[in-house]
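Engineer: Here is what each chain is made of, one letter per residue.
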Amino acid sequence: MITLKVNGHEHQVESDPDTPLLYVLRDEIKLNAAKFGCGLGQCGACTVIVDGKAVLSCVTPVLLLDGKQVTTLEGLGTIEAPAPIQRAFMEEQAAQCGYCIAGMMMRAQALLQRNSKPTDEQIRAELEPNLCRCGTHMRILRAVHRAARLMDTADASSTIQGSAQ
Amino acid sequence: MTGLPRIIASVIGGVVIAGAAAGFAVTWRPAIAAIELPAAASFDPALVKRGRELAAIGNCNDCHTVRGGKSFAGGLPVPTPFGTIYSSNITPDAETGIGRWSEEAFRRAMRSGVNRDGQHLYPTFPYDHFTNVSDQDDAALYAFLMTRPPVNAPARANELSFPLDQRFVIAGWKLLFLRHGTFEPDSSKSAEWNRGAYLVEGLAHCGACHTPRNGLGAERPNAQFAGGDVDNWHAYAINANSAAPIPWDADALYGYLRQGWQPDHGTARGPMAEVVSNLSSVNESDVRAIATYMASVFGAPTPDRKNQGAEVLAQVKAPAKPASADAAAVQPVEINAAGAAIYAAACATCHETGRALPYGGVNLRLSTALSSPDPRNAVNIILSGIRPVEGERSPIMPGFAATMNDDQIVSLLQYLRSQFSNQPPWISVETAVAEARRTQTVFLQTSPGPHNAPADATQRDKP
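Chains A and B supply the protein sequences, listed in that same order. In terms of our numbering, the first sequence opens at residue 1 and continues consecutively. In terms of our numbering, the second sequence opens at residue 1 and continues consecutively.
Note that these hints are calculated values from the structure, not bench results. The reader is advised that the hints may include incorrect statements.
Said to hold, decoys possible - Computed list of chain A residues with no C-beta within reach of chain B, every gap over 12 Å:
hint: 1; residue: C58
hint: 2; residue: T60
hint: 3; residue: G67
hint: 4; residue: K68
Unchecked claim - So the derived label-pair ranges between C-beta atoms look like this:
hint: 5; chain 1: A; residue 1: E128; chain 2: B; residue 2: R355; range: 32 to 38 Å
hint: 6; chain 1: B; residue 1: A300; chain 2: A; residue 2: E128; range: 40 to 46 Å
hint: 7; chain 1: B; residue 1: P81; chain 2: A; residue 2: T153; range: 26 to 32 Å
hint: 8; chain 1: A; residue 1: E128; chain 2: B; residue 2: A310; range: 37 to 43 Å
hint: 9; chain 1: A; residue 1: D66; chain 2: B; residue 2: K49; range: 56 to 62 Å
hint: 10; chain 1: B; residue 1: S281; chain 2: A; residue 2: G52; range: 38 to 44 Å
Said to hold, decoys possible - A few chain A positions that, by computed beta-carbon distances, are all more than 12 Å from chain B:
hint: 11; residue: D18
hint: 12; residue: T19
hint: 13; residue: R26
hint: 14; residue: N32
hint: 15; residue: S57
hint: 16; residue: E74
hint: 17; residue: A81
hint: 18; residue: R139
Ideal Cβ placement from N, Cα and C applies to all residues, glycine included.
Model the full assembly from the supplied sequences, consistent with the hints where possible.
Structural biologist: What follows is the structure, encoded as structure tokens:
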């Protein structure tokens with residue numbers, strides 16, 4: 001049996017080891033943020049973060065993930081306390097139908113974790129594997145910039161508090 | 001210093017001394033007078049257009065453009081066993097490009113590897129092939145480049161150690177290896193074959209990647225097209241030693257070079273993706289000519305090879321067995337059981353659907369990467385996948401660098417090799433995986449654009 005660490009919690013996975021992570025997340029662990037789009041790793045709707053990197057969960061069998069840390073959108077924030085990336089997407093109204101947005105946010109989050117001030121060019125290149133058919137690309141782009149600023153402010157405030165103590 | 005570099009260094013040393021003895025005359029080349037940049041309107045538009053196609057056949061943009069940079073402005077680091085050489089700016093900028101070069105100076109660079117100032121150029125610029133380019137074609141290339149937007153981009157200093165950083169050393173290299181007129185038309189062959197030979201041996205410089213090089217970095221004439229290295233990819237043998245499970249013929253080559261994928265062979269990727277991307281934009285007849293000539297270089301397959309190819313095709317077309325059952329039955333070895341499970345779970349969903357290219361994954365029995373003696377291409381493709389071409393019908397594959405660790409990739413590769421090729425196991429797959437992961441990062445930072453193999457332009461706008 002495979003042990004999967006999702007959003008900080010350990011799960012003993014009962015599905016077959018060759019089951020895609022997406023199915024395990026949605027059907028077994030009941031985390032429904034990651035979406036089934038194409039099932040072939042071609043649209044990005046199923047993107048989650050594994051050990052800090054954006055990963056297409058529909059083509060990632062759980063047998064590859066023993067001992068790795070999986071983060072889904074549910075692991076970033078809640079409705080009451082949304083994470084900076086979630087706040088930014090809401091404030092920019094970056095969703096239309098919203099189906100791609102969980103994947104977009106996860107890939108953007110992975111980018112912002114290693115590059116806190118990405119350029120337009122870098123965001124476009126990074127999000128290239130994720131498709132949006134409604135056409136909210138410009139809002140998504142703005143939302144990622146906004147998230148970068150929000151995260152920056154959050155970091156700065158914690159530093160100020162830290163030095164004040 | 002280990003053995004090989006020491007030997008190389010001592011040979012180079014010998015060349016240096018020999019060069020000095022032969023005297024000034026061997027190394028010295030005069031500067032060619034600077035000109036004022038000719039007005040774009042002074043070039044015949046038809047000539048410029050021809051030059052654009054020739055530049056595409058020559059794949060000039062691939063080395064002379066960095067990722068995200070301006071076209072032809074140079075600066076791409078080209079790693080060689082001797083150090084890193086940076087490509088030059090070939091836009092018509094007066095200060096940093098070739099804006100002050102006359103056509104004569106351009107022709108001399110192509111023919112003899114000497115810049116306008118009279119300095120010898122490193123043979124990373126493949127003038128050992130370009131020496132075969134005709135005067136008319138040089139004129140068209142010159143017209144094309146001199147009408148590009150000028151970009152002010154100073155050359156980056158090469159990272160070479162003494163004595164290789166001394167350009168007179170190159171004169172010695174040329175004495176040893178630069179042969180003019182290595183292409184001669186063969187009147188017993190068709191015009192198309194001769195056209196192909198002229199392009200392949202000259203401007204298209206296929207051998208620059210596909211021919212192995214000797215200790216001094218020159219192509220080995222007696223191993224022409226026997227397979228070489230480029231950017232941590234293996235450029236396959238494209239002669240009788242080809243590892244392709246299905247023998248290549250002129251039609252298959254044409255399809256592959258033109259559209260970037262071919263149903264019985266798979267998809268162009270890595271540096272070859274740039275090449276086919278360029279070839280999709282040129283005159284069809286030139287691609288046809290290249291295919292015709294290369295088919296004769298591959299040669300007619302032996303009856304054995306032909307039969308093996310037919311067998312593979314029959315297997316591919318047979319109804320697919322469930323991959324997991326297959327794997328469990330055939331693979332008792334533990335390491336391959338791990339590989340078989342990964343294949344069944346992560347790969348077979350696309351590669352065993354029987355769906356035709358470009359949307360389905362190629363049946364891996366057809367894969368040259370898995371039959372090749374060198375595992376690097378298979379490793380690279382597992383790590384980084386294949387990116388689709390914007391607006392084109394083209395293959396796509398997700399990369400697995402973030403989800404598979406090195407051990408998992410090694411198991412998978414060993415399984416794929418045992419299952420889908422009739423070749424002995426690869427040795428040192430572990431090293432290949434570790435090395436690919438390291439160089440992939442570097443390559444992705446510097447390589448030009450996320451382009452990949454284009455679809456045939458005639459298929460644009462089709463479903």
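Engineer: Each hint should be assessed against the structure and marked as holding or not.
Structural biologist: Status of the hints after comparison with the structure:
1. C58: Violated, since 9 Å does not exceed 12 Å.
2. T60: 5 Å, violated
3. G67: About 10 Å separates A/G67 from the closest Cβ of chain B, which leaves it inside 12 Å; violated.
4. K68: 8 Å, violated
5. A/E128 to B/R355: 32 to 38 Å: 24 Å, violated
6. B/A300 to A/E128: 40 to 46 Å: Distance hint for B/A300, A/E128 holds at roughly 43 Å.
7. B/P81 to A/T153: 26 to 32 Å: 49 Å, violated
8. A/E128 to B/A310: 37 to 43 Å: 40 Å, holds
9. A/D66 to B/K49: 56 to 62 Å: 58 Å, holds
10. B/S281 to A/G52: 38 to 44 Å: 39 Å, holds
11. D18: 3 Å, violated
12. T19: 8 Å, violated
13. R26: 17 Å, holds
14. N32: Holds: least Cβ distance 21 Å, greater than 12 Å.
15. S57: Non-interface label on A/S57 violated, nearest chain B Cβ at 9 Å vs cutoff 12 Å.
16. E74: 20 Å, holds
17. A81: 28 Å, holds
18. R139: The claim holds: A/R139 sits with its nearest Cβ about 21 Å from chain B, beyond 12 Å.
Violated hints, listed in ascending order, are 1, 2, 3, 4, 5, 7, 11, 12, 15; each of the other numbered hints is respected by the structure.
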